[in-house]
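**Q** Once you have looked at the hints, place chain C on chain R.
2 protein chains.
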Amino acid sequence: MTADVNKDRLWNSLMTLAEIGATPRGGVRRIALTDEDKRARDLFCDWARDAGCDIRVDTIGNIFARRPGRNPDALPVATGSHIDSQPLGGKFDGAFGVMAGLEVIRALNDAGIETEAPIEVVDWTDEEGARFAAGCIGSGVYSGHRDLAAALVLEDAEGVTVGAALERIGYAGPAPLGEPGFGAYFEAHIEQGPILEAEGLTVGAVLGAQGQRCFVVTVEGVDGHAGTLPMAKRQDSFVGTAKMTVALTELAETYNPAAVITIGHVRVVPNSRNTVPGKTVFTIDSRHPDSETLERMEADMIRICGEIAKSSGLSVAFETVTRAEPIVFNTGCVDAVREACRQRQIRFMDIHSGAGHDACKIAAVSPAGMIFVPCIDGISHNELEDARAEDLAVGTQVLLDSMLAYAK
Amino acid sequence: MTADVNKDRLWNSLMTLAEIGATPRGGVRRIALTDEDKRARDLFCDWARDAGCDIRVDTIGNIFARRPGRNPDALPVATGSHIDSQPLGGKFDGAFGVMAGLEVIRALNDAGIETEAPIEVVDWTDEEGARFAAGCIGSGVYSGHRDLAAALVLEDAEGVTVGAALERIGYAGPAPLGEPGFGAYFEAHIEQGPILEAEGLTVGAVLGAQGQRCFVVTVEGVDGHAGTLPMAKRQDSFVGTAKMTVALTELAETYNPAAVITIGHVRVVPNSRNTVPGKTVFTIDSRHPDSETLERMEADMIRICGEIAKSSGLSVAFETVTRAEPIVFNTGCVDAVREACRQRQIRFMDIHSGAGHDACKIAAVSPAGMIFVPCIDGISHNELEDARAEDLAVGTQVLLDSMLAYAK
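Note that the protein sequences, when read in sequence, are chains R and C.
Positions 1 to 408 (this note's numbering) are the ones given, in order, by the first sequence.
Positions 1 to 408 (this note's numbering) are the ones given, in order, by the second sequence.
Just chain R, with the same shape it has in the complex (with noise of 0.2 Å):
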């Protein structure tokens, strides 16, 4: 029993959604909860209706298409992402991974496939945290990761809630959180990274996400005239944090591949071309699939930056403001991916998420898994993300392959 999936269905689907909230530069700007991700949520569930689907929209806006299967008391088989984006992001992210569960139904309806449980199609609301400094809304209140109530108060920069937000586009729905349970769930999206492209491969199953550990780091010297301070007598926070970021840089590589350590933003004070900076405040962003390999690795960053502000006569404190623990797919879900490549002859590898997703949220309640499909150049979150239709196609097609092994 088997479907195929409809390379230019899909692709069609993909451009006819972009053109919503489409940017000069090619790419798309649909934030959660505005006029423009009503329209995209309005197209899919359209298209959901016309498959024959089912939609229920839940309490903090979620998306359920369900397409009956012969049980109807069996937990569905799930997959979904999210139709928001970044302020400038491009088609593919989140969007793939809703228009390839919509393939995924319109195909079994073309093969005249019956299933023992429900295809459910999810889209989640606000995975990006673009609009209310919080990502995966949606799938974090499903998954009981993040309160309802909570939730709904969290305000943009104009002062507009979630809830406000979600009663002004009609998508306050009335379905019961955390409802449907799934037998399964699984997430096809882009990998937002070099690899797979840069392996020559069109398939990755994705074990699990990365733990991350966020810290806002400090360092305190004393300001000086840039003219009448000799360097000796210095307290420059400014060449301490160039050390402390090459360290930093250089630790990461003794990790390798799968650590990556950021430092994204910094913050010089006084911040004027003559005057030695007193004061610098830069964030570190650090990443591992290991749980106890990240614990070791932000022992040394504190270690490393402690001793180099010592020897350079500074001061350091990390404040930690991420502490995300790493995710792992259940392996039954991982193996369908593999399992699914395998009979089609993709060639694919196991990789890890450097990126949040929603499957990440779902992990904690359902069996969950990714497939990863490549990006061009790697760029996303960017208006010229870039995607192949045939490696697309390729994704659904794994992506209706597990989800038929699930649901039978």
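Rather than coming from a laboratory, the hints here were simulated on the basis of the structure.
Just so you know, not all the hints are guaranteed correct.
Chain copies aren't distinguished; within one or between two, either way the pair holds.
Unchecked claim - With a straight-line cut-off of 25 Å between C-alpha atoms, the simulated SDA-like cross-links for lysine to any residue are:
{"#": "1", "residue 1": "K233", "residue 2": "G356"}
{"#": "2", "residue 1": "K233", "residue 2": "T275"}
{"#": "3", "residue 1": "K279", "residue 2": "V246"}
{"#": "4", "residue 1": "K310", "residue 2": "D46"}
**A** Using the frame of chain R, we list chain C on its own:
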């Protein structure tokens, strides 16, 4: 023939002047051509008239207070500095030089000394550059470094011009520019650095001022996702900047002790915690008293940054924003300061100025020299700026003796 300065009178004058624009933390906010500057100017003029001086104000608002000499045709021997301050400045930067000049006149009066050449005390307009985005406006126009008409139309952040501000406070004077010329010009100033204090000395005979070259350096790589982009594939502009900062600091130390290199301003783009930064812009402020060394330092800096960029997959571009040649003070003036110290058995050292001063402008049109006295912990451009009354008096005595050697 000599006269002794009065330590307490000098200190009391400084403290009275510091009441104008006094800040809660013991500093001074007396921005050029504001009401506070006007009140300070009025007070200086009153005190100078009380001491028997004639006052003239030139077209850029410089105030010249003259104590007549026996020979009205002799070029005056001058001193001075500025009484404007940084927005949160100290009680001594500039103010000391003007009050020291006043004390010279008062001490000569006390001793009943008539000099051959007139003695002139000058308050130069807007040395700090805190309001009109240009410093040394008065001394720069006087000495021909800056065009009068162009200076008068410089605007502050509210669009008020130098000319309008001078008119408003009544200091747009009638006296022609560049008159009188000086037989010699000496300026007393706090060091604004830590060297004299560290050496345990009270006077620095200033040999000249460092040359300065400032650059805006743009390092460009490629933005990337902090989670998905492996370390080995990154082109991280901030890591490149960090390596350059460490290397440039080491370079300055090889040219020590007179060389200083400061990275004071840093802008990371996009400056987002979870994005590998594709672009970093930073400033280099490099200074050295020798022109040829400054040239070699520049070549070294460009080479070092280029090598780091190349090995890191980055581009780097240098834009020169300041190129000020070193100032060498008149040998006769420097010798007069040294000799005054020797006569009074004051321990002194030769020193270079790391900061710019009015004397650096005047040196182009007159024999000029400077006298430095220590300031506590080398702190300046800060409300906490402080100096010892004894040191200020010793510096003023050296000023008086040096001027007398020229004025006879």
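**Q** Flag every earlier hint the structure violates by its number, smallest first.
**A** 4
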